[in-house]
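Novice: Given chain A's structure and the hints, the job is docking chains B and C with the ligands onto it.
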Amino acid sequence: MNATFLFVVIVLLAAMGYWLGRARALAVAGGKGRVLHSLPSQHGALVALWAAVPAVIALLAWTLLVPEGQRAVNPWLRVALVVATAGAGLWLALQRVRARQRARNHVEAVIRLLLLLASAVAILTTVGIVLSLLFESLRFFALVPPHEFLLGLDWAPQTAIRADQIGQSGSFGAVPVFVGTLLIAFIAMAVATPVGLMAAIWMAEYAGERVRATVKPVLEILAGVPTVVYGFFAALTVASIVRRAGESIGLEVASESALAAGLVMGIMILPFVASISDDVIRAVPVSLRHGSMALGATHSETVRRVIVPAALPGIVGGVLLGVSRAIGETMIVVMAAGLSANLTANPFAAVTTVTVQIVGLLTGDQEFDSAKTLSAFALGLVLFFVTLALNVLALQIVRRYREAYD
Amino acid sequence: MATSATSTRARVAATLKRRHRSEFLFRAFGLAAIALSLLALATLFIDIVWRARTAFVQTTITLEVFLDESIIDPEGKRDPAELRRSDTQTPIRAALRERFPEVTNQGQRRELYALLSGSAPFLLASRLVREPELIGQRIKVDLLASDDVDMLMKGHISRDLPPEQRQINDRQIGWVDAMVAAGEVRQPFNAGFFTRGDSRDPTTAGVLGAIVGSALTLLVTLALSFPLAIAAAVYLEEFAPDNRWTYLIEININNLAAVPSIVFGLLGLAVFLNFFGLPRSAPLVGGMVLSLMTLPVIIIAARAAIAAVPPSIREAAMGVGASPVQVVFHHVVPLALPGILTGTIIGMARALGETAPLLMIGMVAFIVDTPKGFTDAASVLPVQIFLWADSPERAFVERTAAATLVLLGFLVVMNATAVYLRRRFEVRY
Amino acid sequence: MRTMSVADRTRSGVIAEFPDAAAGTAAKPAAFETRELSVFYGKKQALKGINLDIDKGEVTALIGPSGCGKSTYIRCLNRMNDPIPGCRIEGKVLLDGMDVYAADIDPVELRARVGMVFQKPNPFPKSVWENVAYGPRIHGLAATRAELNDIVERSLQRAALFDEVKDRLQEPGTSLSGGQQQRLCIARALAVDPDVILMDEPCSALDPIATAKIEELIDELSGNYTIVIVTHSMQQAARVSDMTAFFHLGDLVETGPTDTIFTTPRDERTEGYITGRFG
Ligand SMILES: Nc1ncnc2c1ncn2[C@@H]1O[C@H](COP(=O)(O)OP(=O)(O)OP(=O)(O)O)[C@@H](O)[C@H]1O
Ligand SMILES: [Mg+2]
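Chains A, B and C are the protein sequences, given in the same order. All residue numbers for the first sequence refer to the working numbering, where the first residue is 225 and numbers rise by one. All residue numbers for the second sequence refer to the working numbering, where the first residue is 85 and numbers rise by one. All residue numbers for the third sequence refer to the working numbering, where the first residue is 848 and numbers rise by one.
To be clear, the hints were calculated from the coordinates, so they are not data collected in a lab. Model, not experiment: these values are computed from the prediction. There could be a bad hint or two in this list.
Claimed, not checked - Taking lysine to any residue pairs in the SDA-like style, the calculated list, with each CA pair at most 25 Å apart, reads:
id, chain 1, residue 1, chain 2, residue 2
1, C, 1060, C, 1112
2, C, 1013, A, 624
3, A, 440, B, 133
4, C, 973, A, 624
5, C, 973, A, 536
6, B, 101, C, 990
7, A, 440, B, 388
8, B, 238, A, 465
9, C, 967, A, 465
Pulled out of the complex, with its shape left as it was, chain A reads as follows:
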């Protein structure tokens, strides 16, 4: 007698309630529809709700309130409880079917409540994220003090499995991981920002309507390619190109260099920056353009000295959103960046990132109480709040900017 079956029982009872309620309403009306305040189907729906909702609540209450041990004692008690609640609700509601009863209003109130609950899922998700990250992180910080995690320079979680090492070896110092993340994000933005912005300027200012109408969707394709595909491309093709190029000029390049991962990540973020910049550039009032032009400015002078400065808040917002993506991007770095944490700013060296570490720590065998696995949640917490701050800031800037011009 599992919950699924009980659910089916409830649904069946509700369906019966609908049919009975509708029939009853029709009988009350005596064939004349106008007598009723609400439609017969609405009366039916109300009866169905009365059958289903209390029963579901009873089922939930049982599951939550009755302790595990006693449930097994009498499984039929639960069935009885549910069926009785549903039956009682059905019967009561059926008695109340009257011509003037405002069945529709009751049904609609329930629908509105359901709609509200659906939109609250977003809040629930955020709360779930924050709570689960916080909870596991607190357990981690009980083992490793926060300052050691945030300021320590040595990251070697694998060596800390032994109990006597935890917290003393300093092997959970996340600074090299943060630096690696920032290095790759920096390389990515160094590609995405200038190229994306220039591409946007060209599309918004110089391209004809027809060229624009083809180039823009093509750039959107670039934005729709799954990151695992970029990762494959980065690990196999770009990494070897970067290595060969570096070696040909006498540089020592790691096979999982930050540069390869950063370059490909830049390509991934580029259309995003371009698209936002294109939008904000086109939102700059045409009167400014005309004002500059009438003073004898060339097109590029107008763009560089009037339009881009006017659009700057929006562009900065877009770049910040891009940075947030770069920091949170996982697959490209998992496939093309390294696992070992090197504290370096050398783009040809292998570095690791927050997301790579999270994946590395949580795939494979897990023991859930070790500092090793828990550290992944601490990294996740940092990642969540940093990206959240960037997003809020960026959206704020963009919104301010939009308001300034409309």
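Specialist: Coordinates of chains B and C with the ligands only, in the frame set by chain A:
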């Protein structure tokens, strides 16, 4: 005034050449940026198509095998379960020795056996299950070549390399060449790639399991996120009062849309797996995680579609006495549906390409069997790509690229559908 | 309304019909001469063979009902029509005898000589100082910072704005009042030391006091600059302009000294428009 105007004019004229040059340069930079973006896209696609091109054929070696009943089915029961486990390797090896009788040395024989895929006997056994009448006969069979032979035939292993740097030695190359000369090496279409699940042996690894896993996962995602998104969008657009609670919901939705996907994976791991104890690696949990991710995307699209329905339609419906709920569900939502569907398909396409959160909930496990239900252990296409890309065997490279093409193919179809819907039902009120 | 073929219009051209308008042209040197100027937006013809001379150092007012092509005409004078897609120009526009649309004319250079002020004040989202310095900077008119400061100050003074903003030079131009913004735009145009200033309904977004200030300013500037102003206000045209041209449905109906046009218009359409019977 006149003199000043003249000198002004001279000064302006003096700058013109420089300014027009910088205008030209600026424009050239813009064009270069676009060209660079398009070049990146082209490189990406050409690279993948080029790498995938050889994955769609598979090298086979034709041998004359005596299907000795005394070895394969000594009891003669023809029981399918027994046949599946029967010893087909011995007859195959015998056939190889027969083909190259000059090879007598034990070590060389091992090299000879290595020409065939380790999976060849299993494939032959499952053929015998289907065609038991073959047992006892002497027939020509096409047997899968090993991945090294496959790579050699496809040109991925260069013969010019020094022997110690390649997986296949000169003697083996000699045998392969002999069989090629005799017309015993063929390269038929690699149907197995589409009909088999994952395998550690690249010659028999296929994408079917991952495709089914993706389909099951997306079904869960769709079933959860579509109704929830419509409900949430309807609430926010039509019923929500203008208060702080509504504002909170809106902020949450906008921010969730930009939360890194791996964080959703952490949520799934901590809440769905560890707290609620749902099964690891299951499409059910994968779909739940992905639906939390795609919800904001669909809600935002649905809200835009609902907001685009003009107030006049609502007023008209109200005018004939419809209640607000009836107005919304009888008039507004049906009109907004094409827009909502477009947003949903785009959200689903994103979910299909998503990898990181699924790694967190254990969908990276190596799974051979095609999943049959929502709680079976499964993989999905992008994760399959990730796993194969990580595999050291050379032969997995072309399969990774081919699986990528399959994934991109699905994405193209989904996005094209969305574009079509948008064009077809674009309402101009 | 009678429609005319192109040939018709050329023969009965306004200039030919009214000899003393032509005489006026001969007496003073013309800054602009337009000959048979026609403008098309795609298939639609917005100006139909306009022949009009704009006298040097005078204020010329362009009047006429909405959509008659005043803005189109004024934009031809500094080639601001160039970027409008589908806009095509026939005929000639001569500035000091030089064809503005000739292949070797650089619009950048032209616009430095022929400044423009728009209907809605459009200061750049920069400081007051930066707004005025913008033109001299791009055209390389000042070698030193001091020189640039000088130009900015002088331009603001000429635009009768300096005293009001001298303490707020670093504040954004958009923080000024509407009338101040419009004078800022005039100062911005003056800073590149143009010969001609085109104004397309410069007061239509302003209140009467701000309008009076701009009119005063135009009065002061006339003589030093050739000014062409589009206006919907008959009073304004009568107050500030020396010459007036009346446009109607893409035709130039009548042109002459402002006094004459307002007291004894020759064409009944002009009379009707001025007395407010249609428009
Ligand atoms: N960019 C354009 N594209 C197409 N048609 C245009 C364009 N600009 C103006 N027109 C048309 O050309 C004609 C003349 O327009 P113009 O703006 O010159 O009139 P106007 O006299 O300035 O009117 P108003 O007093 O309202 O400013 C009008 O019929 C207008 O619709
Ligand atoms: Mg106008």
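Novice: Are the hints correct? Go through all of them and say.
Specialist: Consistency of the hints with the structure:
1. Straight-line distance between C-alpha atoms of residue 1060 of chain C and residue 1112 of chain C comes to about 29 Å, which puts the hinted pair past the 25 Å bound.
2. This hinted pair does not check out: residue 1013 of chain C and residue 624 of chain A have alpha carbons roughly 29 Å apart, beyond 25 Å.
3. For the hint pairing residue 440 of chain A with residue 133 of chain B, the CA-to-CA distance comes to about 23 Å; that is within 25 Å, so the pair holds.
4. At most 25 Å may separate the alpha-carbon atoms for a hinted pair to count; residue 973 of chain C and residue 624 of chain A meet this at roughly 17 Å.
5. Note on residue 973 of chain C and residue 536 of chain A: the hinted pairing holds, with a Cα-Cα distance of about 12 Å set against a maximum of 25 Å.
6. Taken as a hint, the residue 101 of chain B and residue 990 of chain C pair is honoured in the structure, with Cα atoms around 18 Å apart against an allowance of 25 Å.
7. Only pairs whose Cα atoms come within 25 Å are accepted, and residue 440 of chain A paired with residue 388 of chain B is accepted, the gap being roughly 21 Å.
8. For the given pair, residue 238 of chain B sits about 23 Å from residue 465 of chain A by alpha-carbon distance, which is consistent with the 25 Å threshold.
9. Pair hint residue 967 of chain C plus residue 465 of chain A does not hold up; C-alpha atoms about 55 Å apart against a cutoff of 25 Å.
The structure is inconsistent with the numbered hints 1, 2 and 9, although it conforms to all the rest.
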